[in-house]
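Undergrad: Let chain A serve as the given structure and place chain B on it in line with the hints.
Order-wise, the sequence lines are chains A and B. In case it helps, our numbering puts the first sequence at residues 20 to 191. In case it helps, our numbering puts the second sequence at residues 464 to 875.
It is worth saying that the hints were derived from the structure and are not from the lab. Yeah, the Cβ is synthetic: ideal placement off N, Cα and C, and Gly gets one too. Be aware that one or more of the hints could be misleading.
Some chain B residues near chain A, calculated using beta-carbon distances under 8 Å [said to hold, decoys possible]:
(1) Phe747
(2) Met748
(3) Trp751
Chain A is nowhere near these chain B residues, computed Cβ spacing over 10 Å in every case [to be verified]:
(4) Met464
(5) Ser598
(6) Thr647
(7) Ala655
(8) Leu661
(9) Leu687
(10) Trp731
(11) Phe744
(12) Asp754
(13) Ala793
(14) Phe809
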Amino acid sequence: MSKIYAMYDDDATLLHGAEKLVSKGVRIKEVFSPFPIHGIDPVIGVRKTRLAICAFIYGLTGMSLAIIGMYYFMIYDWPMNIGGKPNYYMYQNIPAFIPITFEVTVLCTAHGMAITYLLRNKTLPGISAKNPDPRTTDDKFVMEINVNEAGMEEEVLINELKDSGAIEINKA
Amino acid sequence: MDYVFSKKSKNITTRVALAGLIIFVLGIIFDGNDYSSLVADDGHNYGFSQRIWVALLSNGIFFFFISLSVLFFIALQYAAEVSWSVVFKRVYESMLSALPLMAAIIFIIIVIGQFGGHHIYHWQHYDMSLEEGMSGYDHLLDHKSFFFNPLFYYPVLLLFMGAFVLYSWYYRKQSLLEDQEGGTRIHFKNFAMSALFLVIFGYGSSVIAWQLIMSVDAHWFSTLFGWYVFAGMWLEGMVYALMLIIYLKGKGLLKEAKGGHIHDMGKWVFALSFLWTYMFFCQFMLIWYADIPEEVTYFQARINDYSVIYWIIFFVNFAIPMLFLMDADAKKKKGLLVMVGCIIFFFHWLDVFIMISPGAMKTEAGVGFIEIGSFLLFLGVFTYIVLRSLASRPLLVKNHPYLEEGKHIHHH
Chain A
20 MSKIYAMYDD DATLLHGAEK LVSKGVRIKE VFSPFPIHGI DPVIGVRKTR
70 LAICAFIYGL TGMSLAIIGM YYFMIYDWPM NIGGKPNYYM YQNIPAFIPI
120 TFEVTVLCTA HGMAITYLLR NKTLPGISAK NPDPRTTDDK FVMEINVNEA
170 GMEEEVLINE LKDSGAIEIN KA
Chain B
464 MDYVFSKKSK NITTRVALAG LIIFVLGIIF DGNDYSSLVA DDGHNYGFSQ
514 RIWVALLSNG IFFFFISLSV LFFIALQYAA EVSWSVVFKR VYESMLSALP
564 LMAAIIFIII VIGQFGGHHI YHWQHYDMSL EEGMSGYDHL LDHKSFFFNP
614 LFYYPVLLLF MGAFVLYSWY YRKQSLLEDQ EGGTRIHFKN FAMSALFLVI
664 FGYGSSVIAW QLIMSVDAHW FSTLFGWYVF AGMWLEGMVY ALMLIIYLKG
714 KGLLKEAKGG HIHDMGKWVF ALSFLWTYMF FCQFMLIWYA DIPEEVTYFQ
764 ARINDYSVIY WIIFFVNFAI PMLFLMDADA KKKKGLLVMV GCIIFFFHWL
814 DVFIMISPGA MKTEAGVGFI EIGSFLLFLG VFTYIVLRSL ASRPLLVKNH
864 PYLEEGKHIH HH
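Pulled out of the complex, with its shape left as it was, chain A reads as follows (with noise of 0.2 Å):
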């Protein structure tokens, strides 16, 4: 399956030319950019990401840990004598709790949804980076086009391409 890699050297030039493409039936497979494209995900058609619904289970899952894990240390297993607190059962302690439980939440979140996003791009350090140009982590912006997902014959595409501004074209 062939592939067609536009380069372009401005990230408006890119979402317009991605704008007429996309009117004219042509779909757009991917872009590569060193930063986030300010609205180019409905252009494009990226799915709303599930990301959120990822990070609610960590949080859920980091919550019930601190709650479990301060239930069996400082009540059940031990009750400890803080400063006279009552410890003998849970609700009497929960404020005490609440700043740990927090933090163990904000904890799982932010490295699961961390890992899961670097899982998600195959980015976990070690994989080599699946990337057609590595000018695209400096200040190159490359849109990724299947042929025979175009709608139209190669020269047309390569032409329009083109005309959209982009600076070179290449082929895989």
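TA: Relative to chain A, chain B alone:
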């Protein structure tokens, strides 16, 4: 298109104020409570009139805070060079117009207390010349005698309130001037003045919170109280501004605010609810944990005698915004925002009321005709002043340098 303060709106706000006044007066006439527990040190029972003064003072403070927090918000927008809020600048400015009146009401009520009209502020009736060992000597009040000395208290109060009032006039005047003059001279002058204001407000908001509210519980200490009050007041201002904006959008005005702007205001309401909850809990947890007699008095008075109302305030103001406004789309739905906004607006009013009344009324405080009536009276008057001021000038600023950028923000 500009806002016109129609006859209908005038009638509605006037009627809300009048209805409030009638309920307030009826509450006074038919008040059957006995306030026998409210005997002051001098043997005088202030009970009945005390309740009226507490209602007026807490409403004055609540609506003063709405104006004051918007004043702070304008300064913050300048100092942070924010563009999205420029389309709402006139809405914020209109809310400043009630600031001098509310400041005056609070000040007059405090001065009336100084001359013996009521007993809300215990320290006003304490003889600071008492020495240790003499009868009636109060160690904690003696310890705070510098702060409660009228020669210190009133100049400081006047200084901060005066600065706030002058600043509210300043922003309103500069805004009209910028419409005529154009250019960036006024903008950068406002920028510098706003940075100065934030410094004044940083001290002033805490000191005013101690002077107006914390000193009702004259024996009490809490370093976090100023921030707790500040978080609440900021939220109240944002909620009122959001309600006003949705009202204007409903009239087909403010066309420049397309979705994203309402969403941003919704985010403020959501985020500040969490800030308020955070402050509430920080203050409570530290005092609960340390359990020092001088600090727990405030919470004892509230949790022992007003436990239901006190915890409802906490859970409503925390859970309602969290559950209803968590989703990004929810912050764009005007109906939902109005519903959540009205609920937390009322419960933050209750929060201000519960900050003041148990200290002044002991166990005799409550929300009855007098409190609800005075709330409606103040709400009507405040809204009347705000809408009149909103109609008196164009609804959109003309020459703000960030106006174009602010109109075209995008959200997903």
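Undergrad: Confirm or reject each hint.
TA: Consistency of the hints with the structure:
1. Interface restraint check: Phe747(B) against chain A, minimum CB-CB distance 7 Å, threshold 8 Å, status holds.
2. Using the Cβ-Cβ criterion of 8 Å, the hint placing Met748(B) at the interface with chain A is satisfied: the shortest such distance is roughly 5 Å.
3. Contact between Trp751(B) and chain A, as hinted, is supported at the beta carbon level, the nearest pair being about 5 Å apart and thus within 8 Å.
4. Non-interface status of Met464(B) relative to chain A is upheld: no Cβ of that chain comes within 10 Å, the nearest being about 29 Å off.
5. With a least beta-carbon separation of about 34 Å from chain A, Ser598(B) lies farther than 10 Å from that chain, consistent with its non-interface assignment.
6. Residue placement check: Thr647(B) keeps its beta carbon more than 10 Å from all beta carbons of chain A (closest about 26 Å).
7. Even its closest Cβ contact with chain A, about 31 Å, leaves Ala655(B) beyond 10 Å, as expected for a residue assigned away from the interface.
8. The non-interface label for Leu661(B) is consistent with chain A: the shortest C-beta to C-beta separation is roughly 29 Å, beyond 10 Å.
9. The claim that Leu687(B) is not at the interface with chain A holds, since no C-beta of that chain comes within 10 Å of its own (minimum 14 Å).
10. Every CB of chain A lies more than 10 Å from the CB of Trp731(B), the least distance being 20 Å, so the non-interface label holds.
11. Under the 10 Å C-beta cut-off, the non-interface status given to Phe744(B) relative to chain A is violated; the minimum distance is some 7 Å.
12. With a cut of 10 Å on Cβ distances, Asp754(B) falls inside the contact zone with chain A, its closest approach being about 7 Å.
13. Look at Ala793(B): its CB is around 13 Å from the nearest CB on chain A, clear of 10 Å, so calling it non-interface holds up.
14. Every CB of chain A is more than 10 Å from the CB of Phe809(B) (nearest about 26 Å), matching its label as outside the interface.
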